[in-house]
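A.B. asks: Sequence:
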Amino acid sequence: MTVKRLGLAVWVKNTKTARNLRRFGSIHFISRRLKYVSMYVDADNFDETMRRIQKLHFVKKVEPSYKHLIPTNYDNSRPDEAKEFDIQMDAALLSAKRKTILESEEANQASI
Numbered sequence: 001m002t003v004k005r006l007g008l009a010v011w012v013k014n015t016k017t018a019r020n021l022r023r024f025g026s027i028h029f030i031s032r033r034l035k036y037v038s039m040y041v042d043a044d045n046f047d048e049t050m051r052r053i054q055k056l057h058f059v060k061k062v063e064p065s066y067k068h069l070i071p072t073n074y075d076n077s078r079p080d081e082a083k084e085f086d087i088q089m090d091a092a093l094l095s096a097k098r099k100t101i102l103e104s105e106e107a108n109q110a111s112i
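Just so you know, we're using this note's numbering here: the sequence shown kicks off at 1 and counts up by one.
Derived from the structure by calculation, the hints contain no laboratory data.
These figures come from a predicted structure and were not determined experimentally.
Note that beta-carbon positions come from the ideal geometry of N, C-alpha and C, so glycine has one too.
Mixed in with the good hints there might be a few duds.
To be verified - With a cut-off of at most 27 angstroms between alpha-carbon atoms, the simulated DSS-like pairs for lysine-lysine come out as follows:
hint, residue 1, residue 2
1, K61, K35
2, K61, K13
3, K4, K55
4, K35, K60
5, K55, K67
6, K83, K97
7, K83, K99
As the list claims (entries may be wrong) - Derived Cβ-Cβ restraints for the label pairs, each shown as a range:
hint, residue 1, residue 2, range
8, A9, D44, 15 to 21 angstroms
9, K55, S26, 16 to 22 angstroms
10, A91, R23, 52 to 58 angstroms
11, R33, T72, 26 to 32 angstroms
12, F29, R98, 43 to 49 angstroms
13, R5, F58, 18 to 24 angstroms
Generate coordinates for the entire structure from the input sequences, incorporating the hints supplied.
C.D. replies: Structure representation (structure tokens):
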């Protein structure tokens, strides 16, 4: 059974202390330059975990990820007509090149 996880962005004062966040969830990425930690925590106690992380002395700010709210179902999307035209033109050009190559090979064999 998979546990639903939600993402957090935790802005820290020092990235060396960011490893202490492992006890709250799984760390996905630590940015040393921008001083933030991208991590995932369980969804069932998300609010409580966020409050506990915010209380830590090395944490500046905690932001939830909104990635789970973005729709990823693209069933109603229409195909791009310009892209379809480009694909058809590429196919036509490839077939024309193949035809000329075959004709030149036939001419070479006929001359031999």
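A.B. asks: Could you run down the list of hints and mark each one as holding or not?
C.D. replies: Consistency of the hints with the structure:
1. K61 with K35: holds (11 angstroms)
2. K61 with K13: holds (10 angstroms)
3. K4 with K55: Holds, at about 24 angstroms.
4. K35 with K60: Holds - the C-alpha atoms of K60 and K35 are around 10 angstroms apart, at most 27 angstroms.
5. K55 with K67: At roughly 24 angstroms apart (the allowed maximum being 27 angstroms), K67 and K55 satisfy the hint.
6. K83 with K97: This hinted pair holds, its Cα atoms lying about 21 angstroms apart.
7. K83 with K99: holds (24 angstroms)
8. A9 with D44: 15 to 21 angstroms: holds (20 angstroms)
9. K55 with S26: 16 to 22 angstroms: Between K55 and S26, where Cβ atoms are some 20 angstroms apart, the hint holds.
10. A91 with R23: 52 to 58 angstroms: holds (56 angstroms)
11. R33 with T72: 26 to 32 angstroms: Given about 29 angstroms between the Cβ atoms, the range holds.
12. F29 with R98: 43 to 49 angstroms: Since F29 and R98 have Cβ atoms about 47 angstroms apart, the given range 43 to 49 angstroms holds.
13. R5 with F58: 18 to 24 angstroms: Given range 18 to 24 angstroms: holds, Cβ gap about 23 angstroms.
Going through the hint list in order, the structure satisfies each hint without exception.
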